[in-house]
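Asks: If you want the building blocks of each chain, they are given just below.
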Amino acid sequence: MKFLEDIILRLGAVDRRVIFVLIGLAVLIPLLTPISLPVRETPTTVKFYDGIDNIPKNSKVLVSFDYGPSTRPEIHPMNVGVLRHMLRNGHQIYISCLWPDGIYMALDALEEITDEVNPDNVSTFDIKEYEDYILLGYRPGAEAVIKGLASDLRKVYTVDANGNFIDDIEMMDGIKNLNDFAYIYSGSAGYPGTFEWVKYGGDPTGVPMSSGTTSVQVNEVIPYVQTGQLIGLLAGMPGAAEYEKLINVPGIAIQGMAAQSFAHIVIVFFIVFGNLAFFLKQRRDRKY
Amino acid sequence: MSFSAILGAWIAAFLTLGIFSYLYRDNPFYKIAEHVFVGVSAAYVAAISFWTQIYPNLFGRLFPKDGPLAFTGLEFDFNHEFNILYLFPMLLGIMMLISVFQQFNWMARWGIAYTVAIAAGLKAFGYLNSNVLNQVKASSVDIFSGSLPLFSLNGDSVFNNIVLVVGTLSALMYFYFSKEQTGNFGRFTRLGIYFLMVSFGASFGFAVMGRISLLVGRFNDLIEYSSADYNYATLGVLVFIIVTLGFWSFQNPERKEN
Numbered sequence: 001m002k003f004l005e006d007i008i009l010r011l012g013a014v015d016r017r018v019i020f021v022l023i024g025l026a027v028l029i030p031l032l033t034p035i036s037l038p039v040r041e042t043p044t045t046v047k048f049y050d051g052i053d054n055i056p057k058n059s060k061v062l063v064s065f066d067y068g069p070s071t072r073p074e075i076h077p078m079n080v081g082v083l084r085h086m087l088r089n090g091h092q093i094y095i096s097c098l099w100p101d102g103i104y105m106a107l108d109a110l111e112e113i114t115d116e117v118n119p120d121n122v123s124t125f126d127i128k129e130y131e132d133y134i135l136l137g138y139r140p141g142a143e144a145v146i147k148g149l150a151s152d153l154r155k156v157y158t159v160d161a162n163g164n165f166i167d168d169i170e171m172m173d174g175i176k177n178l179n180d181f182a183y184i185y186s187g188s189a190g191y192p193g194t195f196e197w198v199k200y201g202g203d204p205t206g207v208p209m210s211s212g213t214t215s216v217q218v219n220e221v222i223p224y225v226q227t228g229q230l231i232g233l234l235a236g237m238p239g240a241a242e243y244e245k246l247i248n249v250p251g252i253a254i255q256g257m258a259a260q261s262f263a264h265i266v267i268v269f270f271i272v273f274g275n276l277a278f279f280l281k282q283r284r285d286r287k288y
Numbered sequence: 001m002s003f004s005a006i007l008g009a010w011i012a013a014f015l016t017l018g019i020f021s022y023l024y025r026d027n028p029f030y031k032i033a034e035h036v037f038v039g040v041s042a043a044y045v046a047a048i049s050f051w052t053q054i055y056p057n058l059f060g061r062l063f064p065k066d067g068p069l070a071f072t073g074l075e076f077d078f079n080h081e082f083n084i085l086y087l088f089p090m091l092l093g094i095m096m097l098i099s100v101f102q103q104f105n106w107m108a109r110w111g112i113a114y115t116v117a118i119a120a121g122l123k124a125f126g127y128l129n130s131n132v133l134n135q136v137k138a139s140s141v142d143i144f145s146g147s148l149p150l151f152s153l154n155g156d157s158v159f160n161n162i163v164l165v166v167g168t169l170s171a172l173m174y175f176y177f178s179k180e181q182t183g184n185f186g187r188f189t190r191l192g193i194y195f196l197m198v199s200f201g202a203s204f205g206f207a208v209m210g211r212i213s214l215l216v217g218r219f220n221d222l223i224e225y226s227s228a229d230y231n232y233a234t235l236g237v238l239v240f241i242i243v244t245l246g247f248w249s250f251q252n253p254e255r256k257e258n
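Chains as they are written, first to last, in our numbering: chain A, 1 to 288; chain B, 1 to 258.
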């Protein structure tokens, strides 16, 4: 028994750098030798999928890229999945960005989709700018931008990301404000993002909306799903993996879930042994 | 693979591994990566804000094509009409910039006061509507509705509704400080602490998951950059950083912390 206690105490006092290396290996090894683990859909993801699937075909939808490279691994797979799902259903996509680097994320996502080919080497999505999608671009101002979009989109966007006048673009005909969209989706990594879209976009206009967020935000955003202010939610990388499974296009999120799971096992292991070591040390200190 | 793509991969690998090197200890590679990140971010946001907002939306409205101020020689054609009201935000913006001179720093207060007032007004409505009223409405559930199942893992049930109501009330009561938290009231608020602890635990779990996801993303990129297409950028940078850091560590031994 004393031998076991000594091992636990040694594990509890291990150098933090050893833990970093072990977590690094737990993430790296499954990425180098892909392991397939089952992905089970959670109710919020299914609700999210159904919400997008139930938009009447060939609608106009607003997709906001509210993240940057720092949170790309979590949000990007969601946004690529959402674009795929929406394009499959024939929707016209209007892309806005509340983050300055969101525009590059949007360009990357569009490139990924346009480069996609089926086994016969034919493009999966034959999409054209100004017909199937328009990149409105980034505007600074956070909630003020959303408020502006809710009242008059053309006051916020006079030109699109390419510098073309909004008034001259045929796809913009009939679009005055957020009420002219059938659906709003925000892929959000923080401020400005989901919270601002709910408060100043979805709630005041009544346009149905949903969101994909980083794991860190999930606890704060989930009450909006409970109230129906958001139609489902994609929660971090697991949410993205579940959605990839639902749209039947396995991607980078599903690949990352094995690494995620192994890293969690290492972390749980150290939390358990760290606590055991703490209590054992306390008991020994009391004895002597 | 183009030269710019390969160069980009080498820079990305260097900056990523430079940041990771902090896990060993604070070092010059980490400092370089950190300072580059802060500098580039600030410059990028300033430049993009000017070209996407100030240039088309402010100058475009004050100096439109054939507008009344065209005689100044400044004309910006963004399909806007002249709007004199936009002089006001421009003036406030200039006043905030002038505050770098100490004798004029009072001027910044006007701009800040305007911004704070607008933000307070905007946020007050948003929070009240979306975070207070809608959440209160959602917490008002029919506990003993005959149509609900007694227990369900997902969705509405009598048990879940009881947990929702008791959890909300006890957690709120914990923050009620006008009555001493003793006796039955104390036991009820203690229950509130347990609910809060469960919530914090879930937040911690999600935070860990988020960080691991970001690590997965960086590792994916590093694996990609370690291929021959990128001239083995990751491996090259990794060897360089390890060798240099080893040499540097011998010269700057870590001082033991108390």
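Don't take every hint at face value.
With a Cα cut of at most 25 Å, we get these calculated BS3-like pairs of lysine-lysine [to be verified]:
id, chain 1, residue 1, chain 2, residue 2
1, A, Lys155, A, Lys57
2, A, Lys155, B, Lys123
3, B, Lys179, A, Lys176
4, B, Lys123, A, Lys47
5, A, Lys155, B, Lys65
6, A, Lys60, A, Lys147
In silico contact screen, one side only, chain A against chain B (beta carbon under 10 Å); selected entries [to be verified]:
id, residue
7, Gly51
8, Ile55
9, Thr71
10, Gly137
Quick list of simulated restraints, FRET-style, between CB atoms [said to hold, decoys possible]:
id, chain 1, residue 1, chain 2, residue 2, range
11, A, Glu116, B, Phe76, 36 to 44 Å
12, B, Asn252, A, Ser151, 37 to 45 Å
13, A, Thr33, B, Ile242, 22 to 30 Å
14, A, Glu131, B, Phe88, 35 to 43 Å
15, A, Arg154, B, Val239, 30 to 38 Å
16, B, Leu91, A, Ser59, 18 to 26 Å
17, A, Pro43, B, Gly93, 26 to 34 Å
Calculated directly from the structure, the hints in this document are not laboratory data.
Beta carbons: idealized from backbone N, C-alpha and C, even for Gly.
Asks: State for each hint whether it applies.
Replies: So, going through the hints one by one against the coordinates:
A hinted pair counts as satisfied when its Cα atoms are at most 25 Å apart, and Lys155 of chain A with Lys57 of chain A does not qualify at roughly 29 Å. Of the pairs offered as hints, the one joining Lys155 of chain A and Lys123 of chain B holds, with about 21 Å between alpha carbons and a cut-off of 25 Å not exceeded. Pair hint Lys179 of chain B plus Lys176 of chain A does not hold up; C-alpha atoms about 53 Å apart against a cutoff of 25 Å. Of the supplied pair hints, the one linking Lys123 of chain B and Lys47 of chain A is violated, its CA atoms being roughly 29 Å apart against a limit of 25 Å.
A hinted pair counts as satisfied when its Cα atoms are at most 25 Å apart, and Lys155 of chain A with Lys65 of chain B qualifies at roughly 17 Å. The suggested pairing of Lys60 of chain A with Lys147 of chain A holds, with an alpha-carbon distance near 19 Å, which does not exceed 25 Å. Taking 10 Å as the C-beta cut-off, the interface hint given for Gly51 of chain A is violated, the closest approach to chain B being about 16 Å. The interface hint given for Ile55 of chain A is broken, as the beta carbon of that residue sits about 22 Å from the closest beta carbon of chain B, more than 10 Å.
With a cut of 10 Å, the hint placing Thr71 of chain A at the interface with chain B holds, because the nearest CB-to-CB distance is about 7 Å. The beta carbon of Gly137 of chain A comes within 6 Å of a beta carbon in chain B, closer than 10 Å, and the hint placing it at the interface holds. Separation of Glu116 of chain A from Phe76 of chain B is about 39 Å and conforms to the stated range, judged on CB atoms against 36 to 44 Å. For Asn252 of chain B and Ser151 of chain A, the hinted distance range of 37 to 45 Å is not satisfied, since their beta carbons lie about 58 Å from each other.
In this structure the hint that Thr33 of chain A and Ile242 of chain B lie 22 to 30 Å apart at CB holds, the actual value being about 24 Å. The hinted window of 35 to 43 Å between Glu131 of chain A and Phe88 of chain B holds, with their beta carbons roughly 40 Å apart. The given range of 30 to 38 Å is broken by Arg154 of chain A and Val239 of chain B, whose C-beta atoms sit roughly 55 Å from each other. Checked against the hint of 18 to 26 Å, the pair Leu91 of chain B and Ser59 of chain A fails, with Cβ atoms roughly 43 Å apart.
Between Pro43 of chain A and Gly93 of chain B the beta carbon distance is about 48 Å. The supplied range of 26 to 34 Å is therefore violated.
Violation of the numbered hints given earlier is confined to hints 1, 3, 4, 7, 8, 12, 15, 16, 17; the remaining hints are satisfied by the structure.
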